[in-house]
Each structure stands twice: as structure tokens, then as C-alpha cells.
Amino acid sequence: MNRISAYIVFSFLVTLASSDTVISKSINIGANFEYKEVSTALQIVDRFDTINVHPGKYLLNNFLISKPVVLKGIGKPVFDGSGKNQILLIRSDSVTIEGITFQNAGISFINDNAAVKLDSVKHCKVINNIFKNNFFAVYLAETSNTKISGNTISASSKRETYSGNGIHLWYCKNILIENNSIRGHRDGIYFEFVKESVIKNNISQGNLRYGLHFMFSDKCSYYGNTFKHNGAGVAVMFTNNVQMYNNKFIENWGSASYGILLKEISDSNIRNNLFYKNSSGIYLEGCNRISIFYNDFIENGWAVRLMANSMDNKFERNNFIGNSFDVTTNNIKNYNVFKNNYWAEYKGYDLNRDGFGDIPYRPVKLFSLIVEQNRPSLILMRSLFVELINFAERAFPVFTPETLIDESPIMKKIKHDKASQTAKEFWAFESAQ
Amino acid sequence: MKELLKISKYQLNDVRRSKWIIIYTLFFFAVTYGLINFTKEPSKVLITLLNVILIIIPLVSIIFGTVYLYNNKNNITFLSAQPLKREVLFAGMYIGLVLPLVASFIVGAGLPIIIYIPLFIEYSGILILLLFAGIMLTLIFGCLAFYVSIKNEDKLKGFGLSIFVWLLLSVLYDGLVMFIMYNFSEYPLEETSIALSLLNPIDLARITLILKFDISALMGYTGAVFNNFFGGSWGIYISSVSMLFWIIVPMYFALRNFRKKDF
Numbered sequence: 001m002n003r004i005s006a007y008i009v010f011s012f013l014v015t016l017a018s019s020d021t022v023i024s025k026s027i028n029i030g031a032n033f034e035y036k037e038v039s040t041a042l043q044i045v046d047r048f049d050t051i052n053v054h055p056g057k058y059l060l061n062n063f064l065i066s067k068p069v070v071l072k073g074i075g076k077p078v079f080d081g082s083g084k085n086q087i088l089l090i091r092s093d094s095v096t097i098e099g100i101t102f103q104n105a106g107i108s109f110i111n112d113n114a115a116v117k118l119d120s121v122k123h124c125k126v127i128n129n130i131f132k133n134n135f136f137a138v139y140l141a142e143t144s145n146t147k148i149s150g151n152t153i154s155a156s157s158k159r160e161t162y163s164g165n166g167i168h169l170w171y172c173k174n175i176l177i178e179n180n181s182i183r184g185h186r187d188g189i190y191f192e193f194v195k196e197s198v199i200k201n202n203i204s205q206g207n208l209r210y211g212l213h214f215m216f217s218d219k220c221s222y223y224g225n226t227f228k229h230n231g232a233g234v235a236v237m238f239t240n241n242v243q244m245y246n247n248k249f250i251e252n253w254g255s256a257s258y259g260i261l262l263k264e265i266s267d268s269n270i271r272n273n274l275f276y277k278n279s280s281g282i283y284l285e286g287c288n289r290i291s292i293f294y295n296d297f298i299e300n301g302w303a304v305r306l307m308a309n310s311m312d313n314k315f316e317r318n319n320f321i322g323n324s325f326d327v328t329t330n331n332i333k334n335y336n337v338f339k340n341n342y343w344a345e346y347k348g349y350d351l352n353r354d355g356f357g358d359i360p361y362r363p364v365k366l367f368s369l370i371v372e373q374n375r376p377s378l379i380l381m382r383s384l385f386v387e388l389i390n391f392a393e394r395a396f397p398v399f400t401p402e403t404l405i406d407e408s409p410i411m412k413k414i415k416h417d418k419a420s421q422t423a424k425e426f427w428a429f430e431s432a433q
Numbered sequence: 001m002k003e004l005l006k007i008s009k010y011q012l013n014d015v016r017r018s019k020w021i022i023i024y025t026l027f028f029f030a031v032t033y034g035l036i037n038f039t040k041e042p043s044k045v046l047i048t049l050l051n052v053i054l055i056i057i058p059l060v061s062i063i064f065g066t067v068y069l070y071n072n073k074n075n076i077t078f079l080s081a082q083p084l085k086r087e088v089l090f091a092g093m094y095i096g097l098v099l100p101l102v103a104s105f106i107v108g109a110g111l112p113i114i115i116y117i118p119l120f121i122e123y124s125g126i127l128i129l130l131l132f133a134g135i136m137l138t139l140i141f142g143c144l145a146f147y148v149s150i151k152n153e154d155k156l157k158g159f160g161l162s163i164f165v166w167l168l169l170s171v172l173y174d175g176l177v178m179f180i181m182y183n184f185s186e187y188p189l190e191e192t193s194i195a196l197s198l199l200n201p202i203d204l205a206r207i208t209l210i211l212k213f214d215i216s217a218l219m220g221y222t223g224a225v226f227n228n229f230f231g232g233s234w235g236i237y238i239s240s241v242s243m244l245f246w247i248i249v250p251m252y253f254a255l256r257n258f259r260k261k262d263f
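Sequences listed follow chains A and B, in order.
First residue of the first sequence: 1, per the working numbering; consecutive thereafter.
First residue of the second sequence: 1, per the working numbering; consecutive thereafter.
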């Protein structure tokens, strides 16, 4: 009985709450409407009202939104910061910003000026906007349960100091970043002290520094993203429990450029990713217990650079094809496991036809070891001398790590059934949480 | 001039008749054609072709050249009795050797590339450089072969020495470079390694070409230094001069010995 009355009270409350949204009204602003400016409209609207912004150019200088409203652009109106300051500062929960073009948030060397800054708020949405030539585009500080999706973000700065980040998160929790396209900023997506957030199906390319820069952000996952042609690729540092599924790391090429740079990462998964034409595919430093499964490493300079302070990482069922160096390390000791990978350079045989090679494969060549310690000696690459010492070392290993060995390499290229496998594993991970 | 043409023509016919030059052409054709067919990726074809060029061309040029001169000993003795300048005789012999080698390389490697020319259009710069490197290496190792075989009367010794010269320039020299780099790794070695690479024609060809394949990004600072040097106009000038130097110096000494030699 008691339960039933509680249910009745609850449903009454729900009706009340929903009726609140039903009676919320909307106000039009624009050149041909009663209200011309966002500020006047904001003064008269009630909580949870919608402001329909019609086409036109609105000059906004650090404009504060302090009540929960929906700011909805109809036909891409422009909010211009005139290159001076930030454009919108959101200090209220449950604000939605949709369909607006933001441009010219001012460059500053003191403040992190952003087109949209969310400061200490919850339940906000920034969706389907266009950001052009802003210092920072979307900036979230101490914010939670917020969604940033479908935005097109671009900037054209040439120097890192004159450029902010595309999507910048600091001390946030439970943020969903999906379907955004980011180009030409300093870092495409920047995470610092973020918890339990998801980065999904974004494209981050042509950024000056990192496509994704990720620090102290435990239990975050990113999947389905493409990081292409960024100055330094992707960096993930000082974090536990990162899940990386189904991403593409493409053409991050340069002397200090990485597909992913992993530093001090532990208990994480890197699965079903594609690493194509990066100068270093994965660089691991001080990383522990990472599962690197089902990835494709194709035509990278180095596919895997495994520093000796990394332990208990597992590399299984990956494809290594056409890399200048498959695996390199800087020590004779190795505490990581390589198992059942496909190595295009494997020259072994499979007599019993079980699909696994009968002789082990040593992915570390002597020359790659030499290069790791003495970079200039790379000018000897493709010399006959190098081929000879590699051959000799492969026949009688002396310098290369004895335990860095794939005991049963797979004979044929592994076809990774990306869609189904990844989705299944991802949801398994989600439900386990 | 007339004599030069006559000698060259005779020697060309002679070389043409030998089955080795046909095999050499077929080898390049088979390798290039096979590579293009297998991979369909021009960058891979060019990289593998580079490996082949750097190893096979010097080896074949120097050994074929040595054998050629020893085989033509009677011929040279006979022609020496004629009213001919020794320089003309030498030049005729040299052209008779390198022209078919260069031609068979260009035909063998070039024909499959021409068949698949649409694949290679964006790599035309590298392609030209590659062919140029192949031609230069043929000319250089032809000269070295002449020097060795004129200097040594004993066939076996000359032959062994030729192989040693090839081994020295393609393997041992790089070993020495690595030794130097390893032992002096505390010092900035960029300029030194540029200088060292200029002293070996095979290394020079190799480095100029691998830098074109974006390897420079892997090398960090060294790569940047190398790219600045070999990519700039000064670098191209200096490396061309160094290549020419490698033709002129052995040729000069070979010719000096050839002039004095009592056949």
C-alpha cells in the first residue's frame, strides 16, 4: 500500500515537472523581431524558456548566462566576439546552446578566452554549432553531465602560443563529446582531471600540437575517433583505466609526432585501432598492464616503441605490416608479452597447418636497438651492412631482448571484425562499470 | 673521333653478343615488373628498386667491367699496335662497357615503369633521381673496374680486388661509419656523418634517396640537418660534384696506368 502511494506521489511530481517544460515559452530575437539583442531577451525570459535567435550578427563581449535557457539558432546566426574577449560565459545549469556560429573570441596570453565557456555547471548541451577562428572554442571547467556534440570547430592560427584548444575540459565529470570535427587549434581535444567521460566519433585533424591531449583523466573512453595529421598526434598521460576502441591514428608524421604517446598509463585497453603512416605508432613509457589487442599497424616508421620501464603489457592479435621498424626498445630486458600477432616480415613456416608459425618471431631488430640509442645512425638504413647484422642477430640473438619474442605468430593477416567486436566489448566494459 | 666511334661500336657489338647483358636487362625487368604487379604501390616499388640498385649495380658493374677488360686483353694489345692514341682506345673501351650496362638498366627498370606510368606520376622526381643514381653508380664502378684490372696483370688478383672494393664500399664502409657513430655518440656527429657519406658513392646515393622517402622525420634533429643539406641547392651541388669526383679520380688513375702500361 505504502509503495502504491509513493508511486502516485512520484507520478504526480513527474507530471508537475513535465508540465513545467510544457508551459515554457519561446522568444524570438533578431532584426525583424521585438527583441534585437540577446541581453534584453535574457532579462525577460523565465527559467527553461527558449530564445530563438534569428540570422544576423550579434556582438557579444563576455556575455553571462546565469539562468537555465535554451539558446537556439535558426538559420545559423553569428555571435561575434570581435577578437577582444570571450563570447559566452555560462554560469547556470541546464543551458542548451544550439545551431549558432561563434567567431573571433579574442586571443589572450592571460585569460583562456573561449567562444563558449561553461564554468561550474551541470546538465548543459552544446550542440550543432559552428566555431570559427576562436582562441578556445568550447571550454568546460568543473562541469558535469554535459554533452558537446555535432559541432564544427576550426581555427587558422599558425603558432601554438596564438592558439587555444578546440574542446578544453578541466576538472569535469561525465561529459559526452561526440560527432565533433575539430581543425587547426592548438590541441583538438584537451582533458585534464576529467573523470568517466566519453569521446566518440570525433574527427580531430590538422591541429598544431595534439589531436587529443589527455592527462590525469581516469576511467575515460574514446572510440570511433579519427586523429589525422596533427602536429604531434595524440598524447595520453598519467591516467588509469582508459579505453581506446576503434580509433584511427593517421599520418601524424614528424620528428616529434606520435600516433599515441602513452606515458604513465595503466590498466587500459587499446583495441581495434588503426595506426597508419605515423612516425611512431604507439610510444609506451612507464606503462603497465595495457592490453593492446586487434590493432592494425600499417606503414609506420616505428609501429611500437616500448620503453624498458613498461611492464606487463600484452600485444595480441595485431597486424604489423610495412613498418620501417615493428618493435623497438631501449633495453635488453623485457617484461611484456607478444602473442599471436601477424608480422608481415615473418619468414617462418607452418608445417602442421594450424595457422600459427612453428618458429618464434623476434620483432626487435638489432638495427632498431642501435637506432634507439643513437638516432643519427639511422642514416645507415637500407644499407647492406645493416641487413647483414640484422640477419646475424636474428640467427644468434645476443643484444636483442631474449624474452621479447612472439612464440606463435599468426601466418595470415588477421581480419578484424571491427564493428561487432568493438561494440560488444565496449558495452561489456560499460556494464562492468 | 672516328676511331673512338669505331672502337666503341665494335665493343658494343661484342658486349651485346654476350648473354650476360641480356640476363642483366631481364633481371631488372623481372624485378621491377614483378614488384609493380605484386604491390601496385609505387612507393614500395621504388624503395625495393633502390635496394636493388644500391647492391646489384655496383656489384655487376665492377665485376662485369673487370671480366670485360681481361677478356679484351688481346684486342687491346692488337689495337695498341695501330696508330691510335691510348686515350681514344681507353675511352672506346670504357664507352663499350658502360653504355650497354646503363642501357640495360634503363630499359630493364624503365620499361615496366613506362607500362605503369600513371602509378608513378607523382613520384617522377624520385624516379628521375633513382635512375640518375643507377647511371652514376654504373659509371663510377666501371671506372673502378678499369683501374683495378689495368693495375693488376694477374686476373685472379684483379678479380678478388674488385670484389673487395665492392665489399668495402657497400658493407665495410658502413660498418666503419656505425663504429664511429657509436663510439663518438656524445659528440654532435651531423656534419661528420654528412662528410662521411660524401666519401662513399653508394652511401651518397642511398642517403639522398631515403631522405626523399620521408625517412628524415624519423631521425629528428639529424634528419633535419640532412634534409637541409641534401635538400638545398648547395647540397645537390656538392653531392653532384662528389659523384663526379668519384668518376674522375679513378678514371684519371686508370688512364695514367693505361698510358704507361706495356701490354
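Hints are computed from structural coordinates only; laboratory data are not their basis.
Fair warning: there could be bad hints in the mix.
[Claimed, not checked] In silico DSSO-like links for lysine-lysine, alpha-carbon gap of 30 Å or less:
{"no.": "1", "chain 1": "A", "residue 1": "K200", "chain 2": "A", "residue 2": "K277"}
{"no.": "2", "chain 1": "B", "residue 1": "K212", "chain 2": "A", "residue 2": "K347"}
{"no.": "3", "chain 1": "A", "residue 1": "K158", "chain 2": "B", "residue 2": "K73"}
{"no.": "4", "chain 1": "B", "residue 1": "K151", "chain 2": "B", "residue 2": "K19"}
{"no.": "5", "chain 1": "B", "residue 1": "K44", "chain 2": "A", "residue 2": "K277"}
{"no.": "6", "chain 1": "B", "residue 1": "K40", "chain 2": "A", "residue 2": "K412"}
[Stated by the list, open to error] Computed far set for chain B versus chain A, every beta-carbon distance over 10 Å:
{"no.": "7", "residue": "M1"}
{"no.": "8", "residue": "Y10"}
{"no.": "9", "residue": "S18"}
{"no.": "10", "residue": "I21"}
{"no.": "11", "residue": "I55"}
{"no.": "12", "residue": "S80"}
{"no.": "13", "residue": "I128"}
{"no.": "14", "residue": "V171"}
{"no.": "15", "residue": "S185"}
{"no.": "16", "residue": "L218"}
{"no.": "17", "residue": "G223"}
{"no.": "18", "residue": "F226"}
{"no.": "19", "residue": "L255"}
Every residue, glycine too, gets a C-beta built ideally from N, C-alpha and C.
Tested hints:
1. At roughly 22 Å between alpha-carbon atoms, K200 (chain A) and K277 (chain A) fall within 30 Å of each other, so this suggested pair holds.
2. Annotation: proposed proximity of K212 (chain B) to K347 (chain A) holds, straight-line Cα distance about 29 Å (limit 30 Å).
3. For the suggested pair K158 (chain A) and K73 (chain B), the alpha carbons sit about 68 Å apart, so the restraint of at most 30 Å is broken.
4. Among the hinted pairs, K151 (chain B) with K19 (chain B) is consistent with the structure: their alpha-carbon atoms are about 27 Å apart, no more than 30 Å.
5. Note on K44 (chain B) and K277 (chain A): the hinted pairing holds, with a Cα-Cα distance of about 13 Å set against a maximum of 30 Å.
6. For the suggested pair K40 (chain B) and K412 (chain A), the alpha carbons sit about 20 Å apart, so the restraint of at most 30 Å is met.
7. No beta-carbon of chain A is positioned within 10 Å of the beta-carbon of M1 (chain B); the least distance is around 41 Å.
8. At roughly 36 Å from the closest C-beta of chain A, the C-beta of Y10 (chain B) stays outside 10 Å, upholding its exclusion from the interface.
9. With a closest Cβ-Cβ approach of about 27 Å to chain A, S18 (chain B) is found to remain outside the 10 Å limit, as its non-interface label requires.
10. Against the 10 Å criterion, I21 (chain B) stays outside the reach of chain A, whose nearest CB is about 24 Å from its own CB.
11. Distance check on I55 (chain B): its Cβ comes as close as 6 Å (rounded) to a Cβ of chain A, failing to clear the 10 Å threshold; non-interface status is violated.
12. No beta-carbon of chain A comes within 10 Å of the beta-carbon of S80 (chain B); the shortest separation is about 39 Å.
13. Consistency note on I128 (chain B): stated as away from chain A, and its beta-carbon is indeed over 10 Å from all of that chain's, at 19 Å minimum.
14. Against the 10 Å criterion, V171 (chain B) falls within the reach of chain A, whose nearest CB is about 5 Å from its own CB.
15. Annotated as non-interface, S185 (chain B) brings its C-beta within 10 Å of a C-beta of chain A; the closest such distance is 5 Å.
16. Not every C-beta of chain A lies more than 10 Å from that of L218 (chain B), the closest at about 4 Å, which undercuts listing it as non-interface.
17. The non-interface label for G223 (chain B) is inconsistent with chain A: the shortest C-beta to C-beta separation is roughly 6 Å, within 10 Å.
18. Under the 10 Å C-beta cut-off, the non-interface status given to F226 (chain B) relative to chain A is violated; the minimum distance is some 7 Å.
19. For L255 (chain B), the non-interface assignment is confirmed: its Cβ lies about 30 Å from the closest Cβ of chain A, beyond the 10 Å cut-off.
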